[in-house]
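Q: Sequence:
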Amino acid sequence: MIALFHSGPRSHLPHPPGTLKTVLSVNVNKVALLRNTRHLDIPSVLRAAELCLQAGANGITVHPRPDERHVRADDVYEIAALMKDWPHCEFNIEGNPLQNLMHFVRDLSARGLPLHQCTFVPDSEDQFTSDHGWSFPQDAERLRPHIEYAHARGVRVSLFMDPVPEAMAAAKGIGADRVELYTESYARDWSGPEKNKALDQFAQTARAAAAVNLGVNAGHDLNRDNLAEFLRAVPGVLEVSIGHALMTDALELGYQATVKAYLHCINEAFAPATVA
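All letters in the sequence shown, in the order written, are residues 10 to 285 by my numbering.
There's no promise every hint is true.
As a list, the in silico DSBU-like pairs of lysine-lysine whose alpha-carbon atoms are at most 30 Å apart [stated by the list, open to error]:
#  : residue 1 : residue 2
1  : LYS206    : LYS93
2  : LYS204    : LYS39
3  : LYS181    : LYS269
4  : LYS30     : LYS204
5  : LYS30     : LYS93
6  : LYS181    : LYS30
7  : LYS181    : LYS204
8  : LYS181    : LYS206
9  : LYS39     : LYS93
10 : LYS204    : LYS93
11 : LYS30     : LYS269
12 : LYS39     : LYS269
For the record, the hints were derived by calculation from the structure and aren't laboratory data. Source: prediction; values computed, not measured.
Given only the sequences and the hints, what does the whole structure look like? Please build it.
A: What follows is the structure, given as structure tokens:
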């Protein structure tokens, strides 16, 4: 049996769909982007991760791209070491398994450092930001061995996917544990007339995933304005991974207040409906 979690308190760990609140994983890449514009090691990516955890975040996400324009290899290992002090929280690494991701899986396992989840993202090496999910059946066979490799080291695998209900069974078929639904289309339409159509597509996709016992995460351009509505409409979201908007808010509010504000959005989504 694959061990997906480290021992320790379990109150914040991910949960079966529909039973507990969605958890928040904070992506610290944008802290690294700012740090990399100078040679002074400020702001500290490690300290940012620690402050977010202290504020109540349920996990930390990093996306180490091949050109290291954001998080660097040293950041990955330092944050993994930090996560040993937070056994009830999770460490998630995003990236393309066909590029630089899998050696982190190998090295963290060899060093006995925590890694709970890998999110496979089909970015090109010079891609500005993630902008599409994997395609099936085209990507199936090249992903399968990397999923097996991660599983052999006790790491859960999530595939970055567009909201396509028909693709969920295929993702499950090659061994994925979860999908991370790429939510940019919802965020783009949130203030426009296509919002409900977009939400319905994500809800259908989440139901299709649940039907084949595939967990659902979500991320990309979720923010304080649109997060609660998304979670109310899309069933069984286990985790949201949020970086850009959260770090933008943190520039004004600070890490603690910002993380608490996003947790409040999650709590709001799961609060009982009130009758007028």
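Q: The structure should be examined with respect to each hint, and the outcome stated for every one.
A: Verification of the hints:
1. LYS206 - LYS93: 42 Å, violated
2. LYS204 - LYS39: Holds: LYS204 and LYS39 sit about 27 Å apart, inside 30 Å.
3. LYS181 - LYS269: 34 Å, violated
4. LYS30 - LYS204: With a Cα-Cα distance of about 23 Å, the restraint between LYS30 and LYS204 holds, given a limit of 30 Å.
5. LYS30 - LYS93: 24 Å, holds
6. LYS181 - LYS30: 23 Å, holds
7. LYS181 - LYS204: Holds, at about 28 Å.
8. LYS181 - LYS206: The given pair, whose Cα atoms are some 25 Å apart, holds under the 30 Å limit.
9. LYS39 - LYS93: Roughly 23 Å separates the two Cα atoms, so the pair holds.
10. LYS204 - LYS93: Status violated; Cα separation ~40 Å.
11. LYS30 - LYS269: It holds: about 14 Å lies between the C-alpha atoms, which stays within 30 Å.
12. LYS39 - LYS269: This hinted pair holds, its Cα atoms lying about 19 Å apart.
Of the numbered hints stated above, those contradicted by the structure are hints 1, 3, 10, listed in ascending order.
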